[in-house]
Amino acid sequence: MRVRLDVNLLDYLLVAIYFATVLGIGFAARKRITSSLDFFLAGRGLPAWVTGLAFVSANLGAIEILGMAANGAQYGVMTVHYYWIGAVPAMVFLGIVMMPFYYRSKVRSVPEFLRRRFNGATQLLNAITFAIAQILIAGVNLYALALVMEALLGWPLPVSVVISAVIVLTYITLGGLSSAIYNEVLQFFVILAGLIPLTVLGLMKVGGIGGLVEKVRQSPLGEGGVHTWDGLATGENPMQAHWIGIVFGLGFVLSFGYWTTNFAEVQRALSARNTNAARLTPIIAAYPKIFIPLVTVLPGMIALVLFSDLGKGQAYNNAIPLLMRDLLPNGVLGIAVTGLLASFMAGMAANISGFNTVFTNDIWQAHLVRERDDDYYVRVGRIATVVGVAMGVGTAFIAAGYSNIMNYLQALFSFFNAPLFATFIIGLFWRRMTPWAGFWGLLAGTIAAFVSYILYKAGYVDFGTELNASFWGAGLAFAVDVVVSVVVTLVTTQKPEAELRGLVYGLSDVTLEDDALAGDARWYRSPMLLGVGALILAAVMYGVII
Amino acid sequence: MMSDIRMVIGGLFLIYGVILIIAGVLGSAVNLWTGLVMAVFGGTFVVWARVRRI
Numbered sequence: 009m010r011v012r013l014d015v016n017l018l019d020y021l022l023v024a025i026y027f028a029t030v031l032g033i034g035f036a037a038r039k040r041i042t043s044s045l046d047f048f049l050a051g052r053g054l055p056a057w058v059t060g061l062a063f064v065s066a067n068l069g070a071i072e073i074l075g076m077a078a079n080g081a082q083y084g085v086m087t088v089h090y091y092w093i094g095a096v097p098a099m100v101f102l103g104i105v106m107m108p109f110y111y112r113s114k115v116r117s118v119p120e121f122l123r124r125r126f127n128g129a130t131q132l133l134n135a136i137t138f139a140i141a142q143i144l145i146a147g148v149n150l151y152a153l154a155l156v157m158e159a160l161l162g163w164p165l166p167v168s169v170v171i172s173a174v175i176v177l178t179y180i181t182l183g184g185l186s187s188a189i190y191n192e193v194l195q196f197f198v199i200l201a202g203l204i205p206l207t208v209l210g211l212m213k214v215g216g217i218g219g220l221v222e223k224v225r226q227s228p229l230g231e232g233g234v235h236t237w238d239g240l241a242t243g244e245n246p247m248q249a250h251w252i253g254i255v256f257g258l259g260f261v262l263s264f265g266y267w268t269t270n271f272a273e274v275q276r277a278l279s280a281r282n283t284n285a286a287r288l289t290p291i292i293a294a295y296p297k298i299f300i301p302l303v304t305v306l307p308g309m310i311a312l313v314l315f316s317d318l319g320k321g322q323a324y325n326n327a328i329p330l331l332m333r334d335l336l337p338n339g340v341l342g343i344a345v346t347g348l349l350a351s352f353m354a355g356m357a358a359n360i361s362g363f364n365t366v367f368t369n370d371i372w373q374a375h376l377v378r379e380r381d382d383d384y385y386v387r388v389g390r391i392a393t394v395v396g397v398a399m400g401v402g403t404a405f406i407a408a409g410y411s412n413i414m415n416y417l418q419a420l421f422s423f424f425n426a427p428l429f430a431t432f433i434i435g436l437f438w439r440r441m442t443p444w445a446g447f448w449g450l451l452a453g454t455i456a457a458f459v460s461y462i463l464y465k466a467g468y469v470d471f472g473t474e475l476n477a478s479f480w481g482a483g484l485a486f487a488v489d490v491v492v493s494v495v496v497t498l499v500t501t502q503k504p505e506a507e508l509r510g511l512v513y514g515l516s517d518v519t520l521e522d523d524a525l526a527g528d529a530r531w532y533r534s535p536m537l538l539g540v541g542a543l544i545l546a547a548v549m550y551g552v553i554i
Numbered sequence: 050m051m052s053d054i055r056m057v058i059g060g061l062f063l064i065y066g067v068i069l070i071i072a073g074v075l076g077s078a079v080n081l082w083t084g085l086v087m088a089v090f091g092g093t094f095v096v097w098a099r100v101r102r103i
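Chain order of the listed sequences is A and B.
All residue numbers for the first sequence refer to the numbering used here, where the first residue is 9 and numbers rise by one.
All residue numbers for the second sequence refer to the numbering used here, where the first residue is 50 and numbers rise by one.
By construction, these hints were calculated from the structure, which means they are not laboratory data.
Quick caveat: nothing in here was measured; it's all calculated off a predicted structure.
In this text, a Cβ means the ideal position worked out from N, Cα and C, and glycines have one as well.
Treat the hints loosely; a few may be bogus.
[Claimed, not checked] Label-pair distances were calculated between CB atoms; the ranges are: (1) Leu21(A) x Val100(B): 28 to 38 Å; (2) Ile554(A) x Ala78(B): 34 to 44 Å; (3) Phe458(A) x Val74(B): 33 to 43 Å; (4) Lys320(A) x Ala78(B): 54 to 64 Å; (5) Ala24(A) x Val100(B): 37 to 47 Å; (6) Leu85(B) x Ile171(A): 25 to 35 Å; (7) Gly60(B) x Ile544(A): 18 to 28 Å.
Please construct the entire structure, taking both the sequences and the accompanying hints into account.
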């Protein structure tokens, strides 16, 4: 069933002002680009609060928002596992443990780190899988947004695909990563400006938190809808999940894989101005991340209570659009529509800027056309952006066959990120691991995830729900990667220690200067303190909703 | 450059805030309240950018 919003001139005015601002940022950023470092890593000059907000925003795509609200309506409050155990610990780990290796080695990308630690083959393998994944995810994003815009505003599908693609294309080709990041920061606030009034009005309508809890208990979800850890030992909960799946599948393999090795995220931290700011990037991001379920999962649950046909005649993904239609007056409605458009662009811009960097740096420059001047690679980056967006448009329609887009993305992440994380973590802490162990481990892990997902899809194995399938697929990929890496290490030669300095734990690079800035020693800039603070806060939030 | 993005965020929210306040006075209270909050938020960013320049 369709949800059509009653937008008027005022709403369109607000949307238009936003687009004008976004394009303005692209033109302003263009003036500052003088080198490839400017284009791909924003000149490594951004403060931590900017990169931190961009880090959250890069993950706050329209699919994420609509999908998490859909999960909120379908599974209830236990959807917060995606945030509090499925994101925060990994983000803190990235900042405290892994970021010094990434940032201080001065690599431009995750695949480049793999080349330094292992070899060119590992770099190329990861670069190609990453590039394909980014294009697919950009396509999913684009298709989802086009569907939403067609339903909500009545724009024909091709029109919204083309308009959105052209806008993202324009500001990234002009301003590179700087304009992507600055737009992400802006988008972060606009998204909140749209979602907060929606949530507040929704809560008022259902009689506050108390009224909501009461009504969710009477809904089809029942008591399970208002608990996070209840019934996880037996699988008797709305997600039919087991705590082992939640803790090790979601909390460890999926989330550490995604947050610590996904270059579209890590790139935001690499553009920070020094090591401390890079380490703070994911940690600063963890704080808003803890509270984002308040404007995604919570409205999803409100929608469940207010619209009794949700999940029956009405798709769960319509939770937020339904609330927008019924609760927001013209004006704030325009802000919310802008926020949805903005959140879509945040996701797509992250995919495309990650893609153009990896394509240019790790495929083109590293393996095809070497030793050209810097301007040449900036040009290649701009062309890669155009081609990437065009392919995203082309692949947008792959997404059409899937009912719940979130699961489709989860499946993709488990293909590419879980084995990558295994390779990373062994490579960082086991200096004997050999270059070819990196390559074969990663290849075997990726294939294992693929095969398990295809077997599940073809019906040969039964994991219960799609969600459990991605947990198990990721876990299997991780295990296969570990086993193959260890076995290959035992039969191949390792890298000389001199080449591993600064890339593995326990072998620091003594030639590197300390890049700390005045004020980095203050407590509010301590990655350890703020990181532990985020973990405690996430645990306290679980204490509030057991 | 850092001050630029604060001015952009602040400026956009001030404009949005003013538009919503006008729409709120003419019509819905939801617009008025949201507009007020957005204008204050935008103003804070503009002041921050002015006071602590980089």
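Hint check:
For the pair Leu21(A) and Val100(B), the supplied restraint of 28 to 38 Å holds, since their beta-carbon distance comes to about 31 Å. Restraint check, Ile554(A) to Ala78(B): a C-beta distance of roughly 37 Å satisfies the suggested window 34 to 44 Å. Distance hint check: the CB atoms of Phe458(A) and Val74(B) are about 58 Å apart, inconsistent with the given range 33 to 43 Å. For the pair Lys320(A) and Ala78(B), the supplied restraint of 54 to 64 Å is violated, since their beta-carbon distance comes to about 34 Å.
Between Ala24(A) and Val100(B) the C-beta distance comes to about 31 Å, which lies outside the given range of 37 to 47 Å. Distance hint check for Leu85(B) and Ile171(A): the Cβ-Cβ separation is about 32 Å, which falls inside the suggested range of 25 to 35 Å. A hinted range of 18 to 28 Å for the beta carbons of Gly60(B) and Ile544(A) is inconsistent with their spacing of about 36 Å.
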